[in-house]
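A.B. asks: With positions in the sequence shown counted from 1, the corresponding number in the numbering used here is that position plus 14.
Treat the hints with caution; some may be incorrect.
Said to hold, decoys possible - Below, simulated DMTMM-like cross-link-like pairs (lysine to aspartate or glutamate); rule was C-alpha separation at most 20 angstroms, straight line:
1) LYS20 <-> GLU53
2) LYS20 <-> GLU74
3) LYS20 <-> GLU77
4) LYS44 <-> GLU74
5) LYS44 <-> ASP68
6) LYS20 <-> ASP68
7) LYS44 <-> ASP24
8) LYS16 <-> GLU74
9) LYS29 <-> GLU55
10) LYS16 <-> GLU53
11) LYS16 <-> GLU75
12) LYS16 <-> GLU77
13) LYS20 <-> GLU55
14) LYS20 <-> GLU75
15) LYS29 <-> ASP47
16) LYS44 <-> GLU55
17) LYS16 <-> GLU55
In short, the hints are calculated from the structure, not lab data.
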Amino acid sequence: MKRRFKVSIDQRLCKGCSLCVGFCPTGNLKFRDGALVCEGECSGCMLCVRYCPDLGISVEELEG
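Given these sequences and hints, build the entire structure.
C.D. replies: Structure follows, in structure tokens:
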């Protein structure tokens, strides 16, 4: 079974630096109407979490 992940973004902490967008290997992180969003399936690599200087992103593995 394929592992699935949920990306949570705290828009209050995001300053729009877009480092996470550049590091996302799936290209799912994007800015839409000034807000960071995750579109598509997250691979769970955690690069966005690691490189976010504002600690505004979290990734959790979904069960089942």
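A.B. asks: It remains to establish, for every hint, whether it holds in the given structure.
C.D. replies: Taking the hints in turn, this is what the structure says about them:
no. : hint            : in the structure
1   : LYS20 <-> GLU53 : holds (11 angstroms)
2   : LYS20 <-> GLU74 : holds (5 angstroms)
3   : LYS20 <-> GLU77 : holds (10 angstroms)
4   : LYS44 <-> GLU74 : holds (19 angstroms)
5   : LYS44 <-> ASP68 : holds (17 angstroms)
6   : LYS20 <-> ASP68 : holds (19 angstroms)
7   : LYS44 <-> ASP24 : holds (14 angstroms)
8   : LYS16 <-> GLU74 : holds (14 angstroms)
9   : LYS29 <-> GLU55 : violated (23 angstroms)
10  : LYS16 <-> GLU53 : holds (18 angstroms)
11  : LYS16 <-> GLU75 : holds (11 angstroms)
12  : LYS16 <-> GLU77 : holds (11 angstroms)
13  : LYS20 <-> GLU55 : holds (8 angstroms)
14  : LYS20 <-> GLU75 : holds (6 angstroms)
15  : LYS29 <-> ASP47 : holds (14 angstroms)
16  : LYS44 <-> GLU55 : holds (13 angstroms)
17  : LYS16 <-> GLU55 : holds (11 angstroms)
In this structure, only the earlier hint numbered 9 is contradicted, and the remaining ones agree with it.
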